[in-house]
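In the order they appear, the protein sequences are chains A and B. Quick note: the first sequence, position 164, residue 164 per the numbering used here, numbers continuous. Quick note: the second sequence, position 199, residue 199 per the numbering used here, numbers continuous.
Just to be clear, a hint being listed does not mean it is correct.
Claimed, not checked - Here are the computed lysine to any residue pairs in the SDA-like style, where the Cα-Cα straight-line distance is at most 25 angstroms: (1) K113/A x E402/B; (2) K243/B x F378/B; (3) K281/A x N414/B; (4) K209/B x T195/A; (5) K32/B x P106/B; (6) K298/B x D270/B; (7) K281/B x G415/A; (8) K5/B x R337/A; (9) K5/A x R220/B; (10) K113/A x K77/B; (11) K113/A x E385/B; (12) K113/B x E349/B; (13) K77/B x R418/A.
Hints listed in this document are in silico derivations from the structure and should not be mistaken for laboratory results.
The lines below spell out each chain.
Protein chains: 2
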Amino acid sequence: MSDIKTYMQGVGVAARAAARQMAQADTATKNKALLAIADAILSASTHLIAENAKDVAAARSHGLDDASIDRLTLTEKSVRGMAEGLQQIATLPDPIGGITDLSYRPSGIQVGKMRVPLGVIGIIYESRPNVTADAAGLCLKSGNAAILRGGSEAIHSNQAIAACVHAGLQAAGLPANAVQVISTTDRAAVGELITMKDYVDVIVPRGGKGLIERISNEARIPVIKHLHGVCHVYIDSEADLDKAIRIADNAKTHRYGVCNAMETLLVHSDVAAQVLPKLCKIYLDKGVELRGDDTARKLVAQMSAATEEDWYTEYLAPILSIRVVAGLDGAMDHIARYGSQHTESIVTENYTKAMRFLREVDSSSVMVNASTRFADGFEYGLGAEIGISTDKIHARGPVGLEGLTSQKYIVLGNGQIRS
Amino acid sequence: MSDIKTYMQGVGVAARAAARQMAQADTATKNKALLAIADAILSASTHLIAENAKDVAAARSHGLDDASIDRLTLTEKSVRGMAEGLQQIATLPDPIGGITDLSYRPSGIQVGKMRVPLGVIGIIYESRPNVTADAAGLCLKSGNAAILRGGSEAIHSNQAIAACVHAGLQAAGLPANAVQVISTTDRAAVGELITMKDYVDVIVPRGGKGLIERISNEARIPVIKHLHGVCHVYIDSEADLDKAIRIADNAKTHRYGVCNAMETLLVHSDVAAQVLPKLCKIYLDKGVELRGDDTARKLVAQMSAATEEDWYTEYLAPILSIRVVAGLDGAMDHIARYGSQHTESIVTENYTKAMRFLREVDSSSVMVNASTRFADGFEYGLGAEIGISTDKIHARGPVGLEGLTSQKYIVLGNGQIRS
């Protein structure tokens, strides 16, 4: 334990020193490093897959479930995907150094803001080796130093990827310590990482709700976190019902295991009889289990009764809860009470109701006439995504490069003093 | 203790409910409330001063120091100042609901951001009754609910001001619970406030370093904090020496007890002999005690030797430490090592050095040819200031209304689904 502490403090000191260099790195140098890392990963493909095979074999012998083993496994295609992700980050605009809102004040000074890196970013994630390359690339491009702590099942894969990252950084003349991948699987390392106030500026946990809640409770450093997504679609009485059915279908069935999938459908009582039988047939044909309130169940026979707990539940599965509401206020009350402030969408042609929903619903993404599945950094044009934040402080919704930065004030004067 | 917990939970529940109403309040209603509070304060002037006199008498009998009693005392002028501050907040633009960056994506959806309140803001401050009115006004205008916990010495004053705030809120049809002023002086209330994750979204502590460090260590809620200001002015070899002397004089002597006052002067060795004797005469004439390194002391006889600790010290007093450095890199190394990332200024006519200083110095305000005393919400045009943040997350530098808000994503579609 005291060895881990010493090791992590060393990592922290090295990260802080590297962060100062990274903050000053110019765009061309950072892009050169990103492309060099991509090249190193492509060249090492066979080695990466061999190292990954050790992790996969160990995971199988420990009885890890199939879905987790699937996420752990590297293939030639997924290795190529990692490299392409880094090449894509190289094409994104560099946020660092950008100056905005520079204007003259009555005193004669010009005041504006300059975008700067946060400093050292600690990322804690589960056994998905591709996150190692992805997170390294995003931190690098945004001028930060990164401390990466992946799941212990991926230790060989992550160390092999780390070697590629270090080679690429050094090829561009940047410090290898700009990206450090924790080499111990001891869980005490996480405890140190999330409490090293002097060396780490922000923690980004990526993984299941349990991991994120634990980190969030124990961290002594700001956390950018995504807790869960109980997303709603509300079909209003003035909805275009074709759009409504298309959107409600897509929001639930496009992918089930994702945070921006709809988990509860709210339908205005005036149109429930028109919409629900048709829509529920689509769901049932696709094998979606339906749980509804009494009114909904009267319209669709193959629907079980939803419990109070259902309304709070993120299924991440082909299960949908359905409630018939009296109107917009009923829908918004339901969302305020049971929602997770992730993503909600209204389907309506009524201008005033659309505007009220946009303004009054307190979620990281609020939509009109669009599928909740659009809540995504790529769909929003961020170019890349380190995660989705359900917090309100600092970053909210999909977090791209800009979420890994801050702004400082700059003042340009000509000898001005305060009088 | 369990009574305090129950009391504070009740405050939290009420604040959360009020926050939902405040988020939806329109600009005219919020401004009406601000002006009504100002009127109530002006009408209650005699009563406020009488209640304040109880606090001042008790503080004197407990032996509170003169400076603290000065900050505690309300006069007709300071009561008028509170009202004027609220009237001024009413004139500021409403940040809430503002939509920016709305643009079309290839999928056909429009994506943008809408500015929204943070929710419930907890403000903890020392015995300065004017902060009660000021903080209430800023939270109100930014659509948040506020829980205010002022210093126990100001309890009568704060409760009297709270009555005016409630009267004004109700006159405008807004919930009185939008601003709650804690009515107990029990310190356990602070412990509850900074850990009520479900009811409070952000904590803003205002006061001395000890208070802020303690709150920051114990809080389970994000904290927007200002720790300390060890501000530097660097006079470069290519400085206009008239500007240099004017700025270095103003940065130190305009006011001593403020966070944006210069505490350490750095001078390039090429111009030290030209600048320091003249500048130090000004300081000595104004009664500023000088502490310098060996080189500086050879140029100015009345300078004692600075210790290592001096370079870290925020004097908040007529004391200045002075170091002669070899150049820009030496100055920036000193700032990185000893500074508090608050405000630093370079005096130079050299373009490249000015740009490097702006980019490379990692402080909340970085200036060229201007006095550090400009680091202030009013001087920057924010219109009002809840404090200055020395953090990087969420808000950095002077924090105005915008620092009490967040942005959510909005998506405007026409039936789009994800393919």
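Right, here's what the structure says about each hint:
About 14 angstroms separates the Cα atoms of K113/A and E402/B, which keeps this hinted pair within 25 angstroms; it holds. Taking the CA atoms of K243/B and F378/B, the gap is about 23 angstroms. The hint holds against a cut of 25 angstroms. For the hint pairing K281/A with N414/B, the CA-to-CA distance comes to about 24 angstroms; that is within 25 angstroms, so the pair holds. The hinted pair formed by K209/B and T195/A meets the criterion: a straight-line CA distance of about 20 angstroms does not exceed 25 angstroms.
Taken as a hint, the K32/B and P106/B pair is broken in the structure, with Cα atoms around 43 angstroms apart against an allowance of 25 angstroms. Pair hint K298/B plus D270/B holds up; C-alpha atoms about 14 angstroms apart against a cutoff of 25 angstroms. Of the pairs offered as hints, the one joining K281/B and G415/A holds, with about 20 angstroms between alpha carbons and a cut-off of 25 angstroms not exceeded. In summary, the hint linking K5/B to R337/A is supported, as the alpha carbons are separated by about 24 angstroms, within the 25 angstroms threshold.
Proximity of K5/A to R220/B is assessed by CA-CA distance (about 23 angstroms); at most 25 angstroms being required, the pair is judged to hold. For the hint pairing K113/A with K77/B, the CA-to-CA distance comes to about 36 angstroms; that exceeds 25 angstroms, so the pair is violated. A distance of roughly 17 angstroms separates the Cα atoms of K113/A and E385/B; the hinted pair therefore holds under the 25 angstroms criterion. Between K113/B and E349/B the CA atoms are separated by roughly 40 angstroms; this puts the pair beyond 25 angstroms, and the hint is violated.
A hinted pair counts as satisfied when its Cα atoms are at most 25 angstroms apart, and K77/B with R418/A qualifies at roughly 24 angstroms.
Against the hints set out earlier in the document, violations occur for numbers 5, 10, 12.
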